[in-house]
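First to last, the sequence lines map onto chains A and B. Note that the first sequence ends on residue 1713 in the numbering used here; no numbers are left out. Note that the second sequence ends on residue 198 in the numbering used here; no numbers are left out.
Derived by calculation from the structure, the hints in this document are not laboratory data. Every residue gets a Cβ at the ideal spot worked out from N, C-alpha and C, and that includes glycine. Check each hint, because a few of them may be wrong.
Reference excerpt, derived from the structure (chain A facing chain B, CB under 8 Å, subset only) [stated by the list, open to error]: (1) N1496; (2) R1497; (3) V1678; (4) T1682; (5) R1685; (6) S1686.
Covered by chain A, per the in silico footprint, the following chain B stretches (three or more residues, Cβ under 8 Å) [claimed, not checked]: (7) -2 to 7; (8) 21 to 27; (9) 63 to 75; (10) 138 to 148.
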Amino acid sequence: MSAVDHPVLVPTPSGVIGAIVTEPVGDRRAAAIVITGKGASRAGVNRMWARLAHELAALGVVVFRADPAGTAESVHTVDGADVDELTVETARWFTSRAGPLDLYVIAYCYGLASTVELARTMSLSGAAVISPPGMTSPELWSSYSRAHVLASKVRTSPMRAWKRVRYGRAARPEFGSSGELLRTPELLVELAERAPLWTMTGEGDASVALLRNLRHELTARGAAIEIVEDTTIHRSPTLRSQDETVERTTRWMARAVAEGANA
Amino acid sequence: MLVCPSWGTEGRYSLEWCHGFARDVTSLGGRAVVVHWPGFEDSTGDPDDVSLASMIDACTDVAAHGWAMAGFGVGAAAVAVAAERLASPYLVLVEPQLDPGAHFAALARSYRRVSLGQVDASRWVFGAPVPDGLRDDDGASVREALAARTAHGGPTLVLRSRDGLASRPTDGVTLVEVAGNGRGDRYLDRLPLRRLGVKWLRRELRRTPPTS
Chain A
1451 MSAVDHPVLV
1461 PTPSGVIGAI
1471 VTEPVGDRRA
1481 AAIVITGKGA
1491 SRAGVNRMWA
1501 RLAHELAALG
1511 VVVFRADPAG
1521 TAESVHTVDG
1531 ADVDELTVET
1541 ARWFTSRAGP
1551 LDLYVIAYCY
1561 GLASTVELAR
1571 TMSLSGAAVI
1581 SPPGMTSPEL
1591 WSSYSRAHVL
1601 ASKVRTSPMR
1611 AWKRVRYGRA
1621 ARPEFGSSGE
1631 LLRTPELLVE
1641 LAERAPLWTM
1651 TGEGDASVAL
1661 LRNLRHELTA
1671 RGAAIEIVED
1681 TTIHRSPTLR
1691 SQDETVERTT
1701 RWMARAVAEG
1711 ANA
Chain B
-13 MLVCPSWGTE
-3 GRYSLEWCHG
7 FARDVTSLGG
17 RAVVVHWPGF
27 EDSTGDPDDV
37 SLASMIDACT
47 DVAAHGWAMA
57 GFGVGAAAVA
67 VAAERLASPY
77 LVLVEPQLDP
87 GAHFAALARS
97 YRRVSLGQVD
107 ASRWVFGAPV
117 PDGLRDDDGA
127 SVREALAART
137 AHGGPTLVLR
147 SRDGLASRPT
157 DGVTLVEVAG
167 NGRGDRYLDR
177 LPLRRLGVKW
187 LRRELRRTPP
197 TS
C-alpha cells in the first residue's frame, strides 16, 4: 500500500466539513487540494478523485479532498454557507498540518472560483483546472435585464420557499444564475497570472470553445491547455473520461513536482 | 444504527439523506454509522466485484448484533438481509429497491432513453458501473429475509414516494408513503422521509425499548 486515507472532520465557523487526507507512506514531496466543485462529493463519480488521490500519493503528494458545504458528509453546514470561503478555511486547516510543502490545487468545473479565491490568499505552486464552467455567454445573459431577473425571482420565490420548508435545502447550486460562472474567462486569466496553470477539457465539453478562444491569453501567461479528443470530460459520464482525467492529472502533477524539485 | 446509501449515482445522491438521518438518530440518543460500499465513494475495492452478498457482508462487518439499520434504494435490500442476520431491533427501508436486477434494468432503459440509444447501458449507467453481482440478482434472498423478519414481528418501516419506482413492501411491515415520485433531486435533504423515519423510530423506541 502506497498511501493511507485519514478521514477528518474540519471545524469551520459554518459547521463541520467532512474530508479525507491521503498520505503517502514514503517521503512527502508536495501537498495538493482537490476541489470537486459544487454538488459533487469528495470521491467523485466512480471514485475518480479517490483514485487520483492514491495516484498522487504514489508520487509523494499529500492530498486533501473535502465534501463541499451542503454535500454528503458536509451536509450539516449552515444554510447559505459560502463554498469559496469554506474552501479557503479548510485549505488553511490542511496546510497548517501538512507542513512547509509546495501547494498545488486541482479544481473541477465550478471549483475554479474557489481556486482563484485560494490563489488570492495563499501561494500556489501550480493549479490544474479540469473542465472549467463552459456556460459563459455574457451576451446571452446581458439580454435579460436586471428587472427581468428580479421579477423572475419574485415570481418564483413563494414556491421555492414552500419547497424548501417541505423538502429541505437544495444541495445543488443554481448554476444557471451564478454570476461567477459567467466570469470563467477572467477567472482563468487571473489564475494564470497568480500560479502556473494547466487546464484540460474534453472535445465534447461546452468549455472547449472558451479555452480555444482564450488560448493566446492563457499561453501568453505560461498556461498549458489540453483538449482530450473524442470525449466529454464534464460530469465524467464514461470510464474513459474518468481514466483520462485521472491519468492526465497525474502526469501533470508528476511534471510539476519534478520541476519544483529541480527549481 | 447502521445507515446505508444506495449504489452508483443514486448512492451518491442518497448520501445527504443518510448523513441527515444519522444526525436525526443522534437526537434520539443513538449513534449512527454511514457505510460506503466496497468500491463506492471513499471505500476501496473493485466496483465490478460488488454483489448484493458483498454489500450484506459489509453491513455485517460494520454493524454488531442488535444494531438498528436503515437503507436507501439498493442499500435497503442489503440491510433487509443483514438485519435478519444480526437480529436488528428496528429496520427502516427508504425508497427500497428490493429486486436489484429489476431496478438496474429500469435504470439502463432510462439511461438509453436519455442518450437516445447512443450508449451501451449493459454495464454502465449514468457514470457508475453496474456490476454483474447486482444486475443479475433478483432479490430472492431479500424477500426470504423480509418474510422471516415479518413472521416474527420484527419492527420494519418502509418509506416510499407514492408515485415513485420503489418496491412495494411485503405484508407485515409498516408502510408510510409521501407525496410525489421521489425525483425532486434538487431537494436532497428529502425532509419528509427523514421526519417520518424519526417519528416511527421514536414511537418504536417507546413501545419496545432496546434491551442493551
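To see whether the hints hold, each was checked on the structure:
no.	hint	verdict
1	N1496	holds, 6 Å
2	R1497	holds, 7 Å
3	V1678	violated, 16 Å
4	T1682	violated, 11 Å
5	R1685	holds, 7 Å
6	S1686	holds, 6 Å
7	-2 to 7	holds (count 5)
8	21 to 27	holds (count 4)
9	63 to 75	violated (count 0)
10	138 to 148	violated (count 0)
Checked against the numbered hints above, the structure violates hints 3, 4, 9 and 10; every other hint is satisfied.
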